[in-house]
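Protein chains in written order, with this note's numbering: chain W, 1 to 251; chain V, 1 to 308.
One or more of the hints may lead you astray.
What the hints assert, rightly or not - Label-pair restraints from in silico Cβ distances:
hint, chain 1, residue 1, chain 2, residue 2, range
1, W, His84, V, Ile166, 39 to 45 Å
2, W, Glu128, V, Phe143, 53 to 59 Å
3, W, Met210, V, Arg100, 37 to 43 Å
4, V, Ile166, W, Ser118, 54 to 60 Å
5, V, Phe149, W, Ser118, 55 to 61 Å
6, W, Ala151, V, Phe143, 56 to 62 Å
7, W, Pro117, V, Val170, 17 to 23 Å
8, V, Val170, W, Tyr199, 37 to 43 Å
Said to hold, decoys possible - With a Cα cut of at most 30 Å, we get these calculated DSS-like pairs of lysine-lysine:
hint, chain 1, residue 1, chain 2, residue 2
9, W, Lys72, W, Lys121
10, W, Lys115, W, Lys61
11, W, Lys135, W, Lys122
12, W, Lys136, W, Lys72
13, W, Lys122, W, Lys72
14, V, Lys280, W, Lys61
15, V, Lys192, W, Lys63
16, W, Lys72, W, Lys115
17, W, Lys61, W, Lys183
18, W, Lys136, W, Lys183
19, V, Lys192, W, Lys196
20, W, Lys135, V, Lys192
21, W, Lys52, W, Lys121
22, W, Lys61, W, Lys136
23, V, Lys192, W, Lys72
24, W, Lys52, W, Lys63
25, W, Lys135, W, Lys196
26, W, Lys52, V, Lys192
27, W, Lys135, W, Lys121
28, W, Lys196, W, Lys52
29, W, Lys196, W, Lys72
30, W, Lys52, W, Lys72
31, W, Lys63, W, Lys129
32, W, Lys135, W, Lys183
33, V, Lys295, W, Lys122
34, W, Lys63, W, Lys196
35, W, Lys183, W, Lys196
36, W, Lys136, V, Lys192
37, W, Lys115, V, Lys192
38, W, Lys129, W, Lys196
39, V, Lys192, W, Lys121
40, W, Lys129, W, Lys183
To be clear, the hints were calculated from the coordinates, so they are not data collected in a lab. Quick reminder that beta carbons are idealized off the backbone N, C-alpha and C, glycines included.
Listed below are the residues making up each chain.
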Amino acid sequence: MLSVRDLSMRFGGLLAVNGVSLDVNEREIISIIGPNGAGKTTVFNCISGFYKPTSGQITFKGKQVQGLPDFKISRLGMVRTFQHVRLFNRMTVIENLLVAQHRHVNTNLLSGLLKTPSYRKKESEAMEKAAYWLKKVDLLPLANREAGNLAYGQQRRLEIARCMVTGPDLLMLDEPAAGLNPKETRDLDELIVSLKHDYNVSILLIEHDMGLVMGISDRIYVVSQGTPLADGTPDEIRTNPDVIKAYLGED
Amino acid sequence: MLEVILYFIQQLINGITIGSTYALIAIGYTMVYGIIGMINFAHGEVYMIGTYVAFMAISGMAMLGIEFLPLIFLVALLSSMLVSSSFGWAIERIAYRPLRGGNRLIPLISAIGMSIFLQNYVRLGQGSRDIAMSSQISGGWSFGPEDGFQASLSYIQVLIFIVTIISMTVLTLFISRSRMGRACRAVAQDLKMANLLGIDTNRVIASTFVIGAALAAVAGTLLGMYYGVVNAFVGFIAGLKAFTAAVLGGIGSIPGAMLGGIILGVTESMTAAYFSTEYKDVVSFALLVLILLFKPTGILGKPEVEKI
Numbered sequence: 001m002l003s004v005r006d007l008s009m010r011f012g013g014l015l016a017v018n019g020v021s022l023d024v025n026e027r028e029i030i031s032i033i034g035p036n037g038a039g040k041t042t043v044f045n046c047i048s049g050f051y052k053p054t055s056g057q058i059t060f061k062g063k064q065v066q067g068l069p070d071f072k073i074s075r076l077g078m079v080r081t082f083q084h085v086r087l088f089n090r091m092t093v094i095e096n097l098l099v100a101q102h103r104h105v106n107t108n109l110l111s112g113l114l115k116t117p118s119y120r121k122k123e124s125e126a127m128e129k130a131a132y133w134l135k136k137v138d139l140l141p142l143a144n145r146e147a148g149n150l151a152y153g154q155q156r157r158l159e160i161a162r163c164m165v166t167g168p169d170l171l172m173l174d175e176p177a178a179g180l181n182p183k184e185t186r187d188l189d190e191l192i193v194s195l196k197h198d199y200n201v202s203i204l205l206i207e208h209d210m211g212l213v214m215g216i217s218d219r220i221y222v223v224s225q226g227t228p229l230a231d232g233t234p235d236e237i238r239t240n241p242d243v244i245k246a247y248l249g250e251d
Numbered sequence: 001m002l003e004v005i006l007y008f009i010q011q012l013i014n015g016i017t018i019g020s021t022y023a024l025i026a027i028g029y030t031m032v033y034g035i036i037g038m039i040n041f042a043h044g045e046v047y048m049i050g051t052y053v054a055f056m057a058i059s060g061m062a063m064l065g066i067e068f069l070p071l072i073f074l075v076a077l078l079s080s081m082l083v084s085s086s087f088g089w090a091i092e093r094i095a096y097r098p099l100r101g102g103n104r105l106i107p108l109i110s111a112i113g114m115s116i117f118l119q120n121y122v123r124l125g126q127g128s129r130d131i132a133m134s135s136q137i138s139g140g141w142s143f144g145p146e147d148g149f150q151a152s153l154s155y156i157q158v159l160i161f162i163v164t165i166i167s168m169t170v171l172t173l174f175i176s177r178s179r180m181g182r183a184c185r186a187v188a189q190d191l192k193m194a195n196l197l198g199i200d201t202n203r204v205i206a207s208t209f210v211i212g213a214a215l216a217a218v219a220g221t222l223l224g225m226y227y228g229v230v231n232a233f234v235g236f237i238a239g240l241k242a243f244t245a246a247v248l249g250g251i252g253s254i255p256g257a258m259l260g261g262i263i264l265g266v267t268e269s270m271t272a273a274y275f276s277t278e279y280k281d282v283v284s285f286a287l288l289v290l291i292l293l294f295k296p297t298g299i300l301g302k303p304e305v306e307k308i
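One chain only, chain W, in its complex shape:
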């Protein structure tokens, strides 16, 4: 579904990403791991249209995506989160989920002012979908709270729910477990697996929590200093001498 070929990204003299290729197929959980500063987030930024890659090919569902404006990329069905939570803090929890469905409902100013039946219908559909996902991530009782006032773990879950209401085929999560306690990480683990099984979503994950990565990934890509180091199933990666060397150092 997503295919990245020979992706490179240069910032002035720094080659942050050098020849990374990766594939994500339907209903797969793919992780990118690597030491800090390896260029994982840069890869994410290139795929999601945040950066314009220096060279390489990115195709999503058969369409070339590099060079497209980011809102168009996301409309193809690709949505991402960031290392730090980026909710609309001064909007309520439910509003965060409604606004994410903005593109699915027609935005004709006049039909909004007149509140035509089709506008109402779509609005109530959006509301149902939002409520469904709030329930799924256990936030329904907090629907009318301001998102900025939620606890950190709740904000993380809301972020994933907000991605899901956009109806994505590919969900890109940048360190979703960062800052979560072990219980919250286990819940996240379950949530991600359920997204794949129950909603046919592929997931591309950047994560440092090896327990999480090894437990749920179908395949793993290892990057070190911007260059691809290895890729394979969790078992292959765990026993790969290059990976061990990069993580633990030589002795």
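Using the hints, position chain V against chain W.
Just chain V now, kept in the frame of chain W:
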């Protein structure tokens, strides 16, 4: 004693009249700032164009022999809103959008250029002399003793209050309830994230310019009918005042712009009445400096607290 109170009430009426129109213009500054963090210095010119269009519409109807006042007002208001909105939209499209994403100073310079261009464009088209128009809506109510000071409330002032309140209510409902308003708030909080969720942020930004311009046109029509005079440069000082009102209330906050406008209007009218007319601008800008010193985010602006 009665006279003193009546005099005070009169200043209050005058202040709120002017203040409401400042508030209407200030919303355009505050919405644009809230959403893309730039000061649209050409906004005052959009207001000025709104006044011209209203004048043209009124004289046009007079030539056609239309005398029904509500119709005249409505046509003037709507045509002024339509033309100003188009200008607001075009200004953003031509002068700001291509420059977005770069240094923040660049669109600011472009805005100043746009402001000067529009002033001169209108001056060339309409001449540099003041254009006056006899008042369409005259008369009013007076209170107080026959032989002493009488406070007056004119019909046009009442019209200004009513139209302002309606506009503010519609705007508030739009922002808080409608889908587009929700998108506006989201874009104001995190433009990049809104983009990544598939919101066409360019369209949202364009609509804030259109809405701001339409409200400025409402102010232009009302103030034009109140003062009965316009020239190509009225936008400059009105824009500056409205900008002050926006900062006073807390730039980026819509209720702040409303409050800031009223406070500024009342301050000016009180200064003019009890001190000296020449000092009214001094006092209002001194007020601005004081607010910025002691509460830099404005009266209703909330300081950004980053949660770490």
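Comparing the hints with the structure gives:
{"no.": "1", "hint": "W:His84 x V:Ile166: 39 to 45 Å", "verdict": "holds (42 Å)"}
{"no.": "2", "hint": "W:Glu128 x V:Phe143: 53 to 59 Å", "verdict": "holds (56 Å)"}
{"no.": "3", "hint": "W:Met210 x V:Arg100: 37 to 43 Å", "verdict": "holds (41 Å)"}
{"no.": "4", "hint": "V:Ile166 x W:Ser118: 54 to 60 Å", "verdict": "violated (27 Å)"}
{"no.": "5", "hint": "V:Phe149 x W:Ser118: 55 to 61 Å", "verdict": "holds (59 Å)"}
{"no.": "6", "hint": "W:Ala151 x V:Phe143: 56 to 62 Å", "verdict": "holds (58 Å)"}
{"no.": "7", "hint": "W:Pro117 x V:Val170: 17 to 23 Å", "verdict": "holds (22 Å)"}
{"no.": "8", "hint": "V:Val170 x W:Tyr199: 37 to 43 Å", "verdict": "holds (40 Å)"}
{"no.": "9", "hint": "W:Lys72 x W:Lys121", "verdict": "holds (25 Å)"}
{"no.": "10", "hint": "W:Lys115 x W:Lys61", "verdict": "violated (36 Å)"}
{"no.": "11", "hint": "W:Lys135 x W:Lys122", "verdict": "holds (20 Å)"}
{"no.": "12", "hint": "W:Lys136 x W:Lys72", "verdict": "holds (27 Å)"}
{"no.": "13", "hint": "W:Lys122 x W:Lys72", "verdict": "holds (21 Å)"}
{"no.": "14", "hint": "V:Lys280 x W:Lys61", "verdict": "violated (64 Å)"}
{"no.": "15", "hint": "V:Lys192 x W:Lys63", "verdict": "holds (23 Å)"}
{"no.": "16", "hint": "W:Lys72 x W:Lys115", "verdict": "holds (27 Å)"}
{"no.": "17", "hint": "W:Lys61 x W:Lys183", "verdict": "violated (35 Å)"}
{"no.": "18", "hint": "W:Lys136 x W:Lys183", "verdict": "holds (17 Å)"}
{"no.": "19", "hint": "V:Lys192 x W:Lys196", "verdict": "holds (27 Å)"}
{"no.": "20", "hint": "W:Lys135 x V:Lys192", "verdict": "holds (27 Å)"}
{"no.": "21", "hint": "W:Lys52 x W:Lys121", "verdict": "violated (39 Å)"}
{"no.": "22", "hint": "W:Lys61 x W:Lys136", "verdict": "holds (28 Å)"}
{"no.": "23", "hint": "V:Lys192 x W:Lys72", "verdict": "holds (13 Å)"}
{"no.": "24", "hint": "W:Lys52 x W:Lys63", "verdict": "holds (16 Å)"}
{"no.": "25", "hint": "W:Lys135 x W:Lys196", "verdict": "holds (18 Å)"}
{"no.": "26", "hint": "W:Lys52 x V:Lys192", "verdict": "holds (15 Å)"}
{"no.": "27", "hint": "W:Lys135 x W:Lys121", "verdict": "holds (21 Å)"}
{"no.": "28", "hint": "W:Lys196 x W:Lys52", "verdict": "holds (29 Å)"}
{"no.": "29", "hint": "W:Lys196 x W:Lys72", "verdict": "holds (24 Å)"}
{"no.": "30", "hint": "W:Lys52 x W:Lys72", "verdict": "holds (14 Å)"}
{"no.": "31", "hint": "W:Lys63 x W:Lys129", "verdict": "holds (28 Å)"}
{"no.": "32", "hint": "W:Lys135 x W:Lys183", "verdict": "holds (19 Å)"}
{"no.": "33", "hint": "V:Lys295 x W:Lys122", "verdict": "violated (43 Å)"}
{"no.": "34", "hint": "W:Lys63 x W:Lys196", "verdict": "holds (22 Å)"}
{"no.": "35", "hint": "W:Lys183 x W:Lys196", "verdict": "holds (21 Å)"}
{"no.": "36", "hint": "W:Lys136 x V:Lys192", "verdict": "holds (26 Å)"}
{"no.": "37", "hint": "W:Lys115 x V:Lys192", "verdict": "holds (29 Å)"}
{"no.": "38", "hint": "W:Lys129 x W:Lys196", "verdict": "holds (18 Å)"}
{"no.": "39", "hint": "V:Lys192 x W:Lys121", "verdict": "holds (29 Å)"}
{"no.": "40", "hint": "W:Lys129 x W:Lys183", "verdict": "holds (27 Å)"}
Of the numbered hints given earlier, the model fails hints 4, 10, 14, 17, 21 and 33; all others are met.
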